[in-house]
Amino acid sequence: MQEVNWTALIIFILLFLFITILGFVAAHWRKGDLDQLHEWGLAGRRFGTFITWFLIGGDLYTAYTFVAVPALAFGAGAIAFFAVPYTIMIYPILFLAFPRLWYVCHKHRYITAADFVHGRFGNRWLALAVAVTGIVATLPYIALQLVGLQVVIGGMGVVGNGYAGDVPLIIAFIILAAFTYTSGLRAPASIAVVKDLLIYTTAFAVVIAVPIQLGGFANVFAKVPPAKLLLAVPGANTTGAYGVYATLALGSALALFLYPHSITGILSASSGHVIRRNAALLPGYSFMLGLLALVGFFAIATGVGGLPEFASGFKRFGNSFAVPALFLHTFPSWFVGVAFAAVGIGALVPAAIMSIASANLYTRNIHREFFNKNPTDKQESQMAKWVSLIVKLGALVFIIFVPTQYAIYLQLLGGIWIIQTVPSVMLGVYTRWFHPWALFIGWLVGIVMGTWMFIAAKLAPNYPLVIAGHGFPGYSALYTVILNLAVTIVLSALFNLFTKSRADQTVAADYRP
Amino acid sequence: MDQQGARQSGWSWWYLLFVIQFIASLWVGTYNRADPTWIGIPFFYWYQMLWIILGGVLTAIVYFATDA
Chain A
102 MQEVNWTALI
112 IFILLFLFIT
122 ILGFVAAHWR
132 KGDLDQLHEW
142 GLAGRRFGTF
152 ITWFLIGGDL
162 YTAYTFVAVP
172 ALAFGAGAIA
182 FFAVPYTIMI
192 YPILFLAFPR
202 LWYVCHKHRY
212 ITAADFVHGR
222 FGNRWLALAV
232 AVTGIVATLP
242 YIALQLVGLQ
252 VVIGGMGVVG
262 NGYAGDVPLI
272 IAFIILAAFT
282 YTSGLRAPAS
292 IAVVKDLLIY
302 TTAFAVVIAV
312 PIQLGGFANV
322 FAKVPPAKLL
332 LAVPGANTTG
342 AYGVYATLAL
352 GSALALFLYP
362 HSITGILSAS
372 SGHVIRRNAA
382 LLPGYSFMLG
392 LLALVGFFAI
402 ATGVGGLPEF
412 ASGFKRFGNS
422 FAVPALFLHT
432 FPSWFVGVAF
442 AAVGIGALVP
452 AAIMSIASAN
462 LYTRNIHREF
472 FNKNPTDKQE
482 SQMAKWVSLI
492 VKLGALVFII
502 FVPTQYAIYL
512 QLLGGIWIIQ
522 TVPSVMLGVY
532 TRWFHPWALF
542 IGWLVGIVMG
552 TWMFIAAKLA
562 PNYPLVIAGH
572 GFPGYSALYT
582 VILNLAVTIV
592 LSALFNLFTK
602 SRADQTVAAD
612 YRP
Chain B
811 MDQQGARQSG
821 WSWWYLLFVI
831 QFIASLWVGT
841 YNRADPTWIG
851 IPFFYWYQML
861 WIILGGVLTA
871 IVYFATDA
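Line by line, the protein sequences give chains A and B. Heads up: the first sequence begins at 102 in the numbering used here, then just goes up one per residue. Heads up: the second sequence begins at 811 in the numbering used here, then just goes up one per residue.
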């Protein structure tokens with residue numbers, strides 16, 4: 102049994118205390134009336150280039166990413182590096198489409214993607230579809246952030262029997278819930294700065310320290326089995342691993358900024374310029390993610406998977422324990438505390454933003470649309486605060502009582518679902534030509550087919566597509582969004598013949614500075 | 811007048827620069843190899859890391875070119 106690493110634990114707790122205070126104090130930062138939803142849920146849309154960089158970075162590059170990507174490299178090798186081309190392709194998408202979304206949302210005071218879709222296409226059911234997709238895709242993501250937290254807490258030797266082992270997680274959760282409720286988006290924005298400084302420090306420390314200990318990168322990669330080092334070259338009549346790699350990267354890139362937490366981060370910026378500027382600056386995070394993917398290979402090279410002191414951790418957390426094990430193996434205890442706090446705080450920031458984003462969606466696009474049409478500002482923001490609590494509680498209950506693997510399945514499905522909002526949201530900022538019911542049916546076809554492919558592929562995101570005897574194994578999300586788009590276009594052409602005019606609240610000038 | 815038209819439509823030819831990083835990323839066959847290594851890192855890994863930087867530079871170029 103692993104002993105409690107007291108030095109690491111104390112540093113970890115001190116850093117957690119610090120960000121807890123920061124989270125509460127943040128309510129007074131750039132003070133606004135937190136009884137208004139756009140103040141609580143978007144921090145008044147006042148973040149400049151610098152804070153937006155930290156906020157979106159802290160939002161997208163989550164603790165789960167920092168644990169899961171190296172874990173995938175550790176277990177499966179080169180395929181994990183798809184995260185790199187993925188993050189290369191997200192920024193042109195951010196640069197082109199999302200400043201337009203920012204301008205139109207600012208002009209019409211929309212706070213969610215579903216608000217925009219409702220305004221643009223004048224159909225509450227389509228808006229509901231976008232809102233529900235966002236919420237459902239986000240919930241398992243929040244749960245997985247808690248897994249990241251669980252892994253580092255376990256890594257410090259804090260383990261209990263049965264549910265007693267979950268007490269630290271519950272404490273972290275209460276902290277998260279309390280500062281999100283009090284301060285809204287200002288809390289994760291201020292904490293993101295601390296989190297990212299810790300993560301950068303940790304990433305560079307590990308990338309410098311481990312290769313030195315092991316005698317250079319050449320020695321590190323020499324210890325990686327050849328089968329894991331590169332992708333398998335595709336055989337005849339199939340795009341093989343290359344197709345899987347490219348479709349995973351492209352599909353994930355298209356999906357990323359449609360997640361509610363991404364859109365919340367984008368809309369809290371103070372202008373479309375801030376977003377464009379960040380599209381050029383955010384690759385700094387991608388570079389760090391690439392470095393961290395390499396950490397999976399460091400874990401292979403140091404052989405932590407075979408060390409007896411880590412056996413119980415790997416047994417409990419699987420490959421997700423690779424990164425914590427490597428940190429424990431490499432660093433002195435005090436720095437393990439810093440590194441684990443980086444991961445732990447890295448879980449709280451996106452979890453807070455995700456719960457706020459889901460709360461905004463529920464409050465605006467479900468509650469206000471279908472239950473209470475004329476809430477006061479105060480009622481609206483109060484509702485969002487409660488929903489943010491419920492959403493996080495749901496994630497906590499899920500993680501404690503349901504096997505983690507289910508959260509992973511649901512998160513993978515979430516990616517396949519959220520991408521189905523590409524036509525209405527991402528393409529919707531360019532064109533009103535799509536018919537709302539065509540968009541709705543396209544969305545439905547995409548969701549159903551994507552879910553079916555996921556199940557048919559034995560609960561995996563890659564479907565072995567075969568067309569005319571040629572194999573195209575690849576990411577179901579990408580295949581089904583193409584189908585969705587085809588259905589949307591054909592049906593729009595048809596429906597538009599019968600519909601004369603539609604209610605579009607927006608005009609072309611709303612999408613520009 | 812032409813510039814005015816481009817501003818109105820929101821399109822700029824500079825955006826075509828983005829195509830480069832999409833092709834570089836998606837054409838997996840061009841970089842799935844170990845050699846040449848750089849400071850011991852196989853080509854597959856350092857090449858893609860390099861493209862993160864190049865992608866950032868391309869985005870910056872488009873930003874400054876279209877910001878006027």
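In short, the hints are calculated from the structure, not lab data. Among the hints, erroneous ones may be present.
To be verified - According to the in silico footprint, chain A covers these stretches of chain B (three or more CB under 8 Å from chain A): (1) 826-834; (2) 841-852; (3) 859-869.
To be verified - Ranges between beta-carbon positions, derived for each pair: (4) B:Ile871 with A:Lys474: 45 to 53 Å; (5) A:His209 with B:Ile849: 33 to 41 Å; (6) A:Pro326 with B:Ile849: 16 to 24 Å; (7) B:Ile849 with A:Ile583: 45 to 53 Å; (8) A:Glu410 with B:Ile849: 36 to 44 Å; (9) B:Arg843 with A:Phe596: 43 to 51 Å; (10) A:Val334 with B:Trp823: 20 to 28 Å; (11) A:Asp134 with B:Ile830: 22 to 30 Å; (12) B:Leu826 with A:His209: 41 to 49 Å; (13) A:Lys474 with B:Thr840: 20 to 28 Å; (14) A:Ala328 with B:Ile849: 17 to 25 Å; (15) B:Ile849 with A:Val105: 35 to 43 Å; (16) A:Pro326 with B:Leu827: 19 to 27 Å; (17) A:Thr302 with B:Arg843: 50 to 58 Å.
Think of the CB as a built atom: it goes at the ideal place given N, C-alpha and C, for glycine as much as any other residue.
Against the structure, the hints:
Check on the segment 826-834 of chain B: 4 of its residues sit with their Cβ under 8 Å from a Cβ of chain A, so the three-residue criterion for coverage holds. For the segment 841-852 of chain B, the stated coverage by chain A is satisfied: 8 residues place a CB nearer than 8 Å to a CB of that chain, which reaches the threshold of 3. Beta-carbon proximity to chain A at under 8 Å applies to 7 residues in the segment 859-869 of chain B; the threshold of 3 is reached and the given coverage holds. At roughly 48 Å, the beta-carbon separation of Ile871 of chain B and Lys474 of chain A lies within the given 45 to 53 Å, and the hint holds.
With their beta carbons about 52 Å apart, His209 of chain A and Ile849 of chain B fall outside the hinted range of 33 to 41 Å. The supplied range of 16 to 24 Å is met by Pro326 of chain A and Ile849 of chain B, whose beta-carbon atoms lie about 21 Å from each other. Between Ile849 of chain B and Ile583 of chain A the C-beta distance comes to about 40 Å, which lies outside the given range of 45 to 53 Å. A hinted range of 36 to 44 Å is violated for the C-beta pair Glu410 of chain A and Ile849 of chain B, which are about 31 Å apart.
The supplied range of 43 to 51 Å is met by Arg843 of chain B and Phe596 of chain A, whose beta-carbon atoms lie about 49 Å from each other. Here the CB-CB span from Val334 of chain A to Trp823 of chain B is close to 37 Å, at odds with the stated 20 to 28 Å. Checking the proposed 22 to 30 Å range against Asp134 of chain A and Ile830 of chain B shows it is violated: the Cβ atoms sit about 46 Å from each other. At about 31 Å, the CB distance of Leu826 of chain B to His209 of chain A disagrees with the hint of 41 to 49 Å.
Lys474 of chain A and Thr840 of chain B have their C-beta atoms about 56 Å apart, which leaves the hinted 20 to 28 Å range violated. Distance hint check for Ala328 of chain A and Ile849 of chain B: the Cβ-Cβ separation is about 23 Å, which falls inside the suggested range of 17 to 25 Å. At roughly 38 Å, the beta carbons of Ile849 of chain B and Val105 of chain A sit within the given window of 35 to 43 Å. For Pro326 of chain A and Leu827 of chain B, the hinted distance range of 19 to 27 Å is not satisfied, since their beta carbons lie about 38 Å from each other.
Evaluation of the 50 to 58 Å hint for Thr302 of chain A and Arg843 of chain B yields a failure: the beta carbon distance comes to about 33 Å.
The structure is inconsistent with the numbered hints 5, 7, 8, 10, 11, 12, 13, 16, 17, although it conforms to all the rest.
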